[in-house]
Amino acid sequence: MVCQFCKLKEATVHVTEIADNKVKKVDACAACAKDKNYNDPAAFAIADHLLGLGAAQKMEEASEAVGALSCDQCGYTQADFKKSGRLGCAHCYGIFSDGLDSVLKTMHKDIRHRGKVPAGMKSAFEGAHRLQGLNRDLQVAIAQEDFESAARLRDEIKAFKASE
Amino acid sequence: MSVIDFLVPASEACLRSGPHDKIVLSSRVRLARNLRTVPFPSHSKKAERIKAFETLMPEVKSLTLLGPEIFAESMDKLPALDKQVLVERHLISREHAAKNAGSGIVLNREENVCVMVNEEDHLRIQALRPGLQLRQAWMAIDAVDTALQEKVEFAFSERYGFLTACPTNLGTGIRVSAMLHLPGLVLAEQINQIIQAVNKLGLAVRGLYGEGTEALGNVFQVSNQMTLGEPENDIVERINKVLLQIIEHEENARLSQMEKKPAVLLNHIGRAYGVLGNSWSISSKEAMNLISFLRLGVDLGVFGKTPKSLTDELFLRSQPAHLQLAHPLREKLGSDERDLFRAQMLRERTSLIPSPDPQALLGRRDEGSPE
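Note that the protein sequences, when read in sequence, are chains L and D.
Numbering-wise, the working numbering puts 54 at position 54 of the first sequence, and it's gapless, one number per residue.
Add 1000 to a position in the second sequence, counting from 1, and you land on the number used in the working numbering.
Just chain D, same shape as in the assembly (with noise of 0.2 Å):
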């Protein structure tokens, strides 16, 4: 079975729920792993690489937490449509999308663990969760970890703890982070104040996909920096703590848009559905800055009852590799088709999203005034 009928359908995959999802779109935990007694994937020749994925593949595939219907695969065996296709799902990294034999994947059914292995570590795992559920996603990942460490032995040691590749990522090996949609702070020009404080507090805030990416669509990513001398517990509830600020932040932010400037304010939303629903040509990157306004719209009400998975299926459906996938012919689309292509779909199903209601806006205003 190939890895895209594997995964469910991007439809689906937006309904996933959880708390405080209209801020944050998902939570992940990732822990770097590495065999005692083999270098790192990054020094090893491609002999020492392969018994590494040799050793491991069979044992990840065999952890009972994981589920029976897994989905594992060797890196060359998958086309590159399917690699980037797990990018755009935040399954594994762009990294490890360019990497062949001896490296692989190993997905569970309800794609909320995944494991690469070899990537710039032997083992890099992660528990992935909708909305704001950093402690879920920790003890998935903790489980799995312990689960493993029955199996192989790790290269670590008591001073300096898990043993990594990158000493960025020594000690606990853990990544904590966050996808969160803020376009609210980003109106109110204070995403930067944010981004600041943020970093101050050795966190760091990144693009849609991570390391040196641009924060396409108002999403940004909030991670830790520091992995060494601190308990993983303590990392997560800082990093939670952060979190629930910055959704106060955001939260007020939409609040006082909608208070001081509601004219601009539905003049985003409006504008934004208006393009989408109208373009015959539309880059990726102009597509997710306006399908932002549409999400943030839904959140607001403007658009009545449409369901804000709508709004994130657009987002997902905008990328390139899942334009590609819906494509009839499936064939490799060049930059512009793509842009017609993309318009073509955004049309369709923009279409199927009401008008924007400027009384959701205004009118919950009046409601507070003294008339």
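The following block holds chain L by itself, in its conformation from the complex (with noise of 0.2 Å):
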């Protein structure tokens, strides 16, 4: 087995992780090892890194299903995406945006904000959020054969959608 980090030398140490739920496994050389603190068990970056390290992974896959990409805004490319594992700027999240979802399902909560608006941005984003809320429930319904709610979510919907 070759490490996973430089992909030349042979991988001797190895691993392995639950965190939730889900088993994450780094095989790496002595040397990548040492670089990247896994041989210290007192290294409590070991999530970081395996978090970062699930990203990176995630990045190539997603960089590869999108093609060459880049940003007409910062010139960023999908290169770059998956060397650095960041964006170049506010502009990217849009363009990179498709490979961007699977990313941080593996990272967040949700990929949808649900914090803090800027204040001008208020009403626009209620709606839409509250829309989409509405269909996620009418489609739980739907699925679970609940079609008292998803009747009643169905009136809300239109109701919604009248009222905007």
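What the hints contain is simulated information worked out from the structure, not anything from laboratory work.
Wrong hints could be hidden among the right ones.
[Stated by the list, open to error] The calculated DSS-like cross-link candidates involving lysine-lysine, where the alpha carbons are at most 30 Å apart (straight line), are:
#1 D:Lys1051 / L:Lys82
#2 L:Lys83 / D:Lys1046
#3 D:Lys1022 / D:Lys1332
#4 L:Lys24 / D:Lys1200
[What the hints assert, rightly or not] Chain L is nowhere near these chain D residues, computed Cβ spacing over 10 Å in every case:
#5 Met1001
#6 Ile1050
#7 Lys1051
#8 Met1057
#9 Ser1074
#10 Gln1084
#11 Ala1101
#12 Glu1111
#13 Phe1156
#14 Gly1202
#15 Glu1232
#16 Lys1261
#17 Pro1354
#18 Leu1362
Here a beta-carbon is modelled for each residue, glycine too, at the ideal position from N, C-alpha and C.
Using the hints, build the complex out of the two chains.
And the structure:
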């Protein structure tokens, strides 16, 4: 087995961690393991590295899926994306959004913002948010064959759209 | 005025107190924000970084919430020693200390709101409080953020919330953290279980100076990992709840050690007192681990009326930049000279503490016995 970091040397350090009921494995050569602190039992950064590592892999898969995209505002490319795990500018989030959602799913509670909203954007945001929630609840109700709730939600959505 | 003159002395900084501060050293909430139209600092050209800096610095400096007396400076104007002192006071990150032209810092008089300009994001605004005061820190920084939003347009999307250079900060851009002193759990060998349990709740446990650092002196930092998909309040409340549980576990661990192994506890505390009071050369790592036991001794009443601010001061003053600052020549000390000077400072300070009184531990235990 080769080291998953340098992909050159034989992997001699194997770390398995269970977090969020998911098993994460790291196979590294001695040099990379030292570099990334895997051979230090007192290193609390392991979770960080694993999180970052998972993200980098997802990012790689995602950028392969979207092809050779680049941001027309800041020139950020999928290669930059892969290398740093970071984005170049606000506009990048629109450009790379297709691949991004799968990355965000591994990192966050949900892929939709539910926190603070700048004052000017409040009403539009809350409207979209509410509609999204209702639609989601409707899908759940249908899947569970709870037609009573589904009918109620359908009416609510209709009323909400009419009031917009 | 230099930042060293602006900051209160270490002795005064350590007098700050808050709820649960026997175990929670400090609470912090930071928000990551970016300008809508300028690329993020990590990807921007120098001219763009300077543009962001010149846009943001005046707006942050003129925030009335920060009060009239502030310290604001470009990072290239700060000497290396001053930057390191700011890191040791937990006011800026180690990453930010490495920044130069195009990055800056704004700090208020109370030293409880600190803004980093052009760190990984255009703005990292943070509020700090002594003890367990996450809600207060969140409210303070929420107000600063709202005031800033009236002046500058932040990068925001309905879908993803506040946009950040790293997707791990996306959404709320919030990082809620607390610094904990957990010698009881370390001695009881329960700390790894606690760390694992906390990790499972989606929280990270790190060492003294954040990401990738060791837990020196039994000090651990707990913070949220997830920033998207949950309102700020929920994140703050969740961490608060977890911290209250950790506090309870730490208190129980201390009590059960006192009950079952008072000699082990006294041995650690007594040896720490002995070494700190009599060594002639000591590394910062060794010093911090010993000061941790001294602080535990103070918490348990082994050192009479010695205030815990004294041990906190020892901890801070053992750090390299603070040592150098205290040196009469203020010149760059080599690591050997630093160990000598650290030992001298610790000897002088420890001599102010009365020798440990075992009755404080053993006596308390006897009260509960039937005799």
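Which hints, by number, does the structure contradict?
3, 13, 14 and 15
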